[in-house]
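Asker: Chains as they are written, first to last, in the numbering used here: chain L, 1 to 559; chain G, 1 to 232.
A hint or two may mislead.
[Said to hold, decoys possible] Part of the chain G face toward chain L, derived, beta carbon under 7 Å:
1. 9
2. 15
3. 18
4. 208
Think of the hints as simulated: they come from the structure by calculation, not from any bench. For glycine and all other residues, C-beta sits at the position ideal for the given N, C-alpha and C.
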Amino acid sequence: MNALLTLLKPKALAFRNQLTKSSSTVHRGQALAIVVFSLIIMISLFLGTRWGLEQLNRIPLLVYVPPSLPLGLMLSLLMIMTSLTALASALGSFYLADDVEMILASPTSSLAFFGARLGYVLCTISWMPFVFILPVLTAMATTYELSVWFIPGALATLLPYFLIPASLGTLLATLFMIIINQRWAKVAIRVVIAVAIGLGLLVLHGLVEAITSRASDGHMLRLVSSIAIAQSPWMPSSWAASILSEILAPSGKWISVRMTLLYSCAIAVTGIAHGALHILHARAFSRALSRRANQATILKEEPSRNKRHLSRTTALIYKDARSLTRDLAQSTQLIFLAGLCLFYVSNLKTFVAIDTLGTDSTVNWQRAFFIIHSAITAFFTSSICTRLVFTSVSLEGKSFWILQTAPVLLRDIIRAKFLGWYIPIAVISAILFSIGTQILIGRWEFTLLFGILSFFITYGIVGMGVGLGAYFADFSWEHPSQLALSIGSLIYMLTCSLLVLLNIFPLGLLLQILVAPNPSTARSALICVVALSIAFINLVVAQLMLRLGERSPAALELN
Amino acid sequence: MNWSTLPLLVSASITLVSIGVGAVAYNALEHEETARVISLGPVATKPIRYAIVASQEPDRCVGSFTTSIESGSGQTTINLEGWLLVEIARHIAPVRLEASMVFNALGQLSVSLVRTNYRNESLRLGSTGVNPMNLQVYRGDGAHSPLLRQSVPGPIELRVRDGEYELHVPLLTAFRGPHPLSSHTSLVSLSVGPSSTEASCSIESARPFDLEPLIHVATSLAHNMKGMVPGS
């Protein structure tokens, strides 16, 4: 137990110092602004959820939305994202952190090492979602009849709920380090790319068929049933959602069975992760070390092999691309995010079922699903940016001084990073937006318009990512996964949520104007105004954030 | 014994126990989930005819019904029409049944009407609302005042899984402890299967089904339900 506390103490002290070290008025002001901003977002989430639930509860005669449905959807998506974060965090904590070598050389048991690092992974993956979940749960608790068991029940439920992805991430990180060695890495990446292309083509074939034939392959119930998959009895998120839902609005489901299942699953996954670590850690860590050594050799050899003349911006983009593919934690997240994107796109064809509704209902459902789809796409884009774009400046790490001493302005570095990330993310986002619009609305001119607008939305999200990433830059990290879980990252996510909401309203309005039956000059003018306002908002936000990034205190301190 | 492997052995034991407990809990969960699900057969646009047969004599039917499912305008409607040849107090006559259930866009039962007819007596059962569902039972075709009013927890949901329709009825799991229906299902001893031809199951060739024991059970169940259903 003492060893466990000794291992956790430096992390806790580092966190405390991060909060209390700011002695200057500027730092205190920043900290206060962050707290106020977070509270505003939390209150907005609380009020928004409460309003939404009250609207739904007003029409129990026509439709009933049990708390388990939104909770199930929210918790299942969150579990996928936390598992991904846990994988990156576990890769860093167990294999890539600087202090692992020192800990392994000390007389520390494997159990203490595992417990301390798992505890750290658990804290890092859960604190941020907890900030988002808390106001939603509080809103649900106040809307439905608040039971005295809700708060202890929610805490008892969320502990194993977060422990499952933390342990799963640890287990996957160990297996990943064992399987992917230097010799097979390139082959594995090629196989993954080939499989991704194959799956992409398959998904594309299905989508093209769905778009051209508009065959709904069933009807609306298929769509609803596929949404209800979040409530499948085999999903841990569904057990957690059912427990919370039962405390709020009892429907006769057994809480004790689900709680037992949740805890036994969490303990079993943790046990397996510990077993795997106990047996495989030495070999996996040795591979991680040899990987680092090999990378250093490659880096030394590289300048002699690559003598092409590149422009300043291209050289910076090229450098970032190489860094991304070499960084195990970053490239793993990229692969998983690509998989998630593919899964979402492949399920979009289900939305063709909206055509089977009556004419009046179709328009309403089209609007509702279009807004949901736009929000999902925008949040997916921001999720990619949180992990990859926001961290791009900080990833320079302790070698940032090399860039500082080069004849390149910080402004140019930030602009190059923006350009490097903007192009691929804008293309992905435009594909997602366009496919969704074509499936939901089915008109090519609308698809083209929303596809173009998606480039502006991505401009805002990526610009904000690079700008805030530079402003909250932290070059003293041990492993890259720490960056996506920092306070700055939370600020970015919260600000990004606001930007997404700011875009969703005009997008919804634009759709409403577009599907209006009577075309007129005034309507065309209104379409132009709304579309231009979307473009304007994002361009201004991106420019403001990029300028903020150029005044980054962390980067300027290094000067 | 090598002490360095002790933590591994302990965690392996805890893992195995957890997997065991989890398996038992999952089994209970699955039992709870299946208890609330009624399978309605494959998704098809054409009406499907079913034969009701007594388990002891599977070659002779006791009843038949036809279901049709219509979708459109954000609603799904299930229509059911059928008969069951019954024997009550030594009288043999068919009980005719007509039902129509309307589900909203989320697949939740919003309105339903069931009409049964036995000899000269008829009963109408209607429901409105999603959760709770307000049930009303009327005796006779022209009756305006209901025989019974009851609020029951909903929603009853229609879902599509693996190409088959399923009806999720929460009321079936609302009962705690031993399932009151399960202890009496042996009394029904009927099974339902698709019927290929009209001739294979007709009133003329059907064998009557003794309904007396079931009426007895239903009466006692209705009595018990009053204390179990919230709001009753």
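Asker: Confirm or reject each hint.
Answerer: Results for each hint:
no.	hint	verdict
1	9	10 Å, violated
2	15	3 Å, holds
3	18	4 Å, holds
4	208	36 Å, violated
When the structure is compared with the earlier hints, violations turn up for hints 1 and 4 and for no others.
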